[in-house]
Amino acid sequence: MSHVENVVLCRESQVSTLQSLFGERHHFSFPSIFIYGHTASGKTYVTQTLLKTLELPHVFVNCVECFTLKLLLEQILNRLNYLSSSEDGCSTQITCDTFNDFVRLFKQVTKAKSLKDQTVYIVLDKAEYLRDMEANILPGFLRLQELTDRNVTVIFLSEIIWEKFRPNTGCFEPFVLYFPDYSIGNLQKILSHDHPPEYSADFYAAYINILLGVFYTVCRDLKELRHLAVLNFPKYCEPVVKGEAGERDTRKLWRNIEPHLKKAMQTVYLREISSSQWEKLQKDDTDPEQLEGLSAYTHVELPYYSKFILIAAYLASYNPSRTDKRFFLKHHGKIKKTNFLKKHEKTSNHLLGPKLFPLDRLLAILYSIVDSRVAPTANIFSQDGEL
Amino acid sequence: MATSSVSKGCFVFKPNFKKRKISVPIEEYFNEGKNESEDSKLRFETYQLIWQQMKSETEQMQEELNKNLFDSLIKFLQKSHSGFQKNSRDWGCQIKLREIPTAALILGVNVTDHEFTFRSLTEAVQNNVTPYVVSLQARDCPDMKHFLQKVFSQLMDCRVDVESKEEEKDIQKRTHCSMDSLSSWYMNVTQKTDPGKPRKKRTSSQWQSPPVVLILKDMESFTTKVLQDFIIISSQHLHEFPLILIFGIATSPVIIHRLLPHAVSSMLCIEIFQSLSCKEHLTTVIDKLLLTTQFPFKLSEKVLQILTSIFLYYDFSIQNFIKGLQLSLLEHFYSQPLSVLCCNLPEAKRRIHFLSDNQCENIRRLPSFRRYVEKQATEKQVALLTNERFLKEETQSLLESLHVYHTNYFLALRCLHQFTSSLPKYPLGRQIRELYCTCLEKNIWDSEEYASALQLLRMLAKDELMTILQKCCSVLKSSSEKQLGSTAKRIEELLAQLQSLDEVKEEEDASGSQSKGLQKTDLYHLQKSLLEMKELRRTGKKQTKFEILREKVVNFIDSLVREYLLLPETQPLHEVVYFTAAHTLHEHLNAAPRMALHTALNNPYYYLKNEALKSEEGCIPNVAPDICIAYKLHLECSRLINLVDWSEAFATVVTAAEKTDANSITSEERNDIIHARFIRAVSELELLGFIKPTKQKTDHVARLTWGGC
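Chains as they are written, first to last, in the numbering used here: chain A, 4 to 390; chain B, 18 to 726.
None of these hints come from the bench; they were simulated from the model.
Take the hints with a grain of salt, since some may be wrong.
[What the hints assert, rightly or not] Derived coverage of chain B by chain A (criterion: at least 3 residues anywhere in the stretch with Cβ under 8 angstroms from a Cβ of chain A; other residues may be distant):
1) 138-147
2) 577-590
[To be verified] Listed below are several chain A residues computed to face chain B (Cβ distance under 10 angstroms; list not exhaustive):
3) C69
4) C174
5) F175
6) E176
7) P306
[Said to hold, decoys possible] Derived CB-CB ranges, DEER-like:
8) B:K242 / A:D152: 33 to 41 angstroms
9) B:Q77 / A:V221: 48 to 56 angstroms
10) B:Q516 / A:Y307: 40 to 48 angstroms
Backbone N, C-alpha and C fix where the C-beta goes; we use that ideal spot for every residue, glycine too.
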């Protein structure tokens, strides 16, 4: 148990809840457990390490990967089969199309000796994808214990709260467990945990402290922070490597790294430039301004008529059609200045979003805004089609 | 009512393949229609030869243009999974490996050209990096399942071993394609080949496990969900399935962020590669194919204008431009019997000897040749018009001079371009193709732009003038032929004089720098200084040495232009090599369907070529097809058309035509037939989109078009 605590940080209460839920090996556990929490709050990691260290028989399935029901069920069964028959080494592929088959086959598979007397855990990661599958899947998994009459527990991992899952019928309420976001202290602790072997833990902790000071306001995602920490660490170490500053000389180190981190926030964090490019920059010690980010290439060259077609489409979608005569005709008669016009000026059309318009109108506007005469040729028509 | 007709339907006729097999050999087509055409076979062969040369030239050029891009891309691909080899020995590696290396390839909006680029890219990657290249199109992958299936099947085909293919197909059948099976397949493949014999193909790359490159050809049109899911899945499998993505992007890379949420795009490690702008590409194409004596075939001003304007106004597509070029080449060889002589000079000279009498007559009929004859002395005129041998000899020399003319023409053109391309506001165009167009159109020295360009040239600073002259020198030297040899020498002289000025005196320098200052100022100042200069000249103030020299240079380039940039029409026999039928090209390449429809319905003779249909503008021939009559009648109506009136008018017109054999059937039967014909014509018009039924009045139809076109 102490091993788990060493590996899993800041999640003591959740771990102990889960452990008490699991109980002894042969005990029947709660039929289904629903774990939710924000991105990178350790859901997957905690469950996985827990199941692994306790050496419980389990199957871990990612629902994004199994985009059809068949794939999902087959993967579960095959892995279970592998678990039970690991000694024999024989593995035949099981095919399974419906949930009914699944229940039947599941019973067969779990009959094996190695699985018979203990709870089998099925973990469904990214469980929100289950909602898009067949309607019977979610209720089915929720009461799998009841349906199969076996000692099995299904654990759902999701970023969405349970209320959004609840199906209309046949629903069994799972045990809901919430993983709260890490606090800044927790983040500090976790990030400092994986310090590089060459440097002391304190040194790295100081670095993490600076990093969090810069990034904590914009990003609390542990994965992202860890990524950033790894990327920028060589720069932080630079004075130490060069011998200009000692490991304890925090102020000097801070001066060195702070502007650098801010730059990183503007570029790498937004994925304007890739991390490998960032690394290269650090090595060459050049200014990142020279490297143009993704949004620097906004300029798009378009053929002459395509430009006008786009403009015409824009005009057609944002102007009401009754103003066309006024805008696009040379002799449009007098404009009546009534209160009617003023009333509408208050709500900008841009706030209402683009509107539908007939194709004829687009072409008519196009012909009127292009200076020279445009022949209605096939090329223009085909471009309309493409746009 | 009447419009709900029988002919509303869709019938499928399968093409009869048997008939097509007996098709005529292509060169036979050159014979058809033109009874006076000569040497059709030879012409066709020449066409094929020239086209092959042009094609290989363009392909080679495109390869060269893409080389830079591909080189950097391949370098990226090679290094991007080097971390995979090191395998997490490094402390930071574990986290960074989660990112999928991604190349964003910005290709511009000319989608039609992308296919070629991707094909050569695939080839290059397969030769240099990895045998596993998959390229996908958005329309093949509406969902995850299809996406992975496509990847799977293409990867299977990548395998070089044939014997193991069978069992893999079984695997594919048995297991649903999932990422799991993909990575296990990959493990299998790499492990199998590792201990065994190293494949020949991969000796260039020292990789143990070559990465899998996935090219998404049109990244914009993929659905967001498929992309997201795929990226999430593959990033989880990245450590056992080294994947590299290449996004083909037509617009701008911002689209990546717009398509993918931050959570997903943070799994990518994106680097951007920009391909050459298509305008530059066009410039090189024109430079290599048209502004050269390598290919005898030339385009007239109008044709070139059409081709470039289609390119610039419509699609930016190089592929289409080259297709247009091919079409004009084909059309030229098809329609011009004398195009036999449109080949390289020695070959043309040889061919002249074998010209038939008819062809000689063709030569005599050429307008340019006639003009040439008229200028000759009388005896020579007679000889040219009667003596075949003399004519042939003369033609030889004329062709030769035409060749020389072209050589000089392009050199002079390039020189002039060097001068004008650096002027402010580009009076003669920035690109050489614009300059070429103006030169083809008229005598350039008559144009206002030319005069203003010369004015501007007279104000160039010394260093600018020198660089331009140096460039001109290199242009002249680059050509192998010694046509303008004296000119090159002259330029060198001028250059030397300019250089020697340096050492002479300070004064000149001062004036030089003054004029340099003028050069950089805006138009207003320019005008002002021009006026001042005039003033100066009037007062007869003595010019500095530099100014005299500059005047010399300008005069020199002016004389060069006047001597060599003559209109091609002035050259005898220019019809042999110049393609002028801009009209046909326009019809074929820039079709106007509505216009064609209108002509067909309004003037059926234009397409049917039936003498009976010939008529004056505006009146309806009685024997015209029913739909034409109905169309003409409907043109006279306003927005709503009464069907009864329409059908009566139709009946009157039609019966007028059939008076002769009216007795054979009863009038009632005939009325029925006419009614049926009318209904058919109306429904055909509805199908074409000229009218539609309206609910305002039940016995009326609404017109949908206005005016003639």
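Results for each hint:
1. Coverage of the stretch 138-147 of chain B by chain A is violated. Counting CB-CB distances below 8 angstroms, 0 residues qualify, and the rule asks for three or more.
2. With 0 residues carrying a beta carbon less than 8 angstroms from a beta carbon of chain A, the stretch 577-590 of chain B misses the three-residue requirement, and the given coverage is violated.
3. Interface restraint check: A:C69 against chain B, minimum CB-CB distance 7 angstroms, threshold 10 angstroms, status holds.
4. Because the smallest distance between the Cβ of A:C174 and any Cβ of chain B comes to about 26 angstroms, over 10 angstroms, the interface hint for this residue is violated.
5. The beta carbon of A:F175 is not positioned within 10 angstroms of any beta carbon in chain B (closest approach about 28 angstroms), and the interface hint is therefore violated.
6. Of the supplied interface hints, the one on A:E176 is violated, with its beta-carbon coming no nearer than about 29 angstroms to a beta-carbon of chain B, more than 10 angstroms.
7. This hint holds: A:P306 has a C-beta 5 angstroms from the nearest C-beta of chain B, less than the 10 angstroms allowed.
8. A C-beta distance of roughly 37 angstroms is found between B:K242 and A:D152, which places it inside the suggested range of 33 to 41 angstroms.
9. About 51 angstroms separates the C-beta atoms of B:Q77 and A:V221, a value consistent with the hinted range of 48 to 56 angstroms.
10. Distance hint for B:Q516 and A:Y307: a CB-CB separation of about 45 angstroms, consistent with the stated range 40 to 48 angstroms.
Violated hints for the displayed structure, listed by number in ascending order: 1, 2, 4, 5 and 6.
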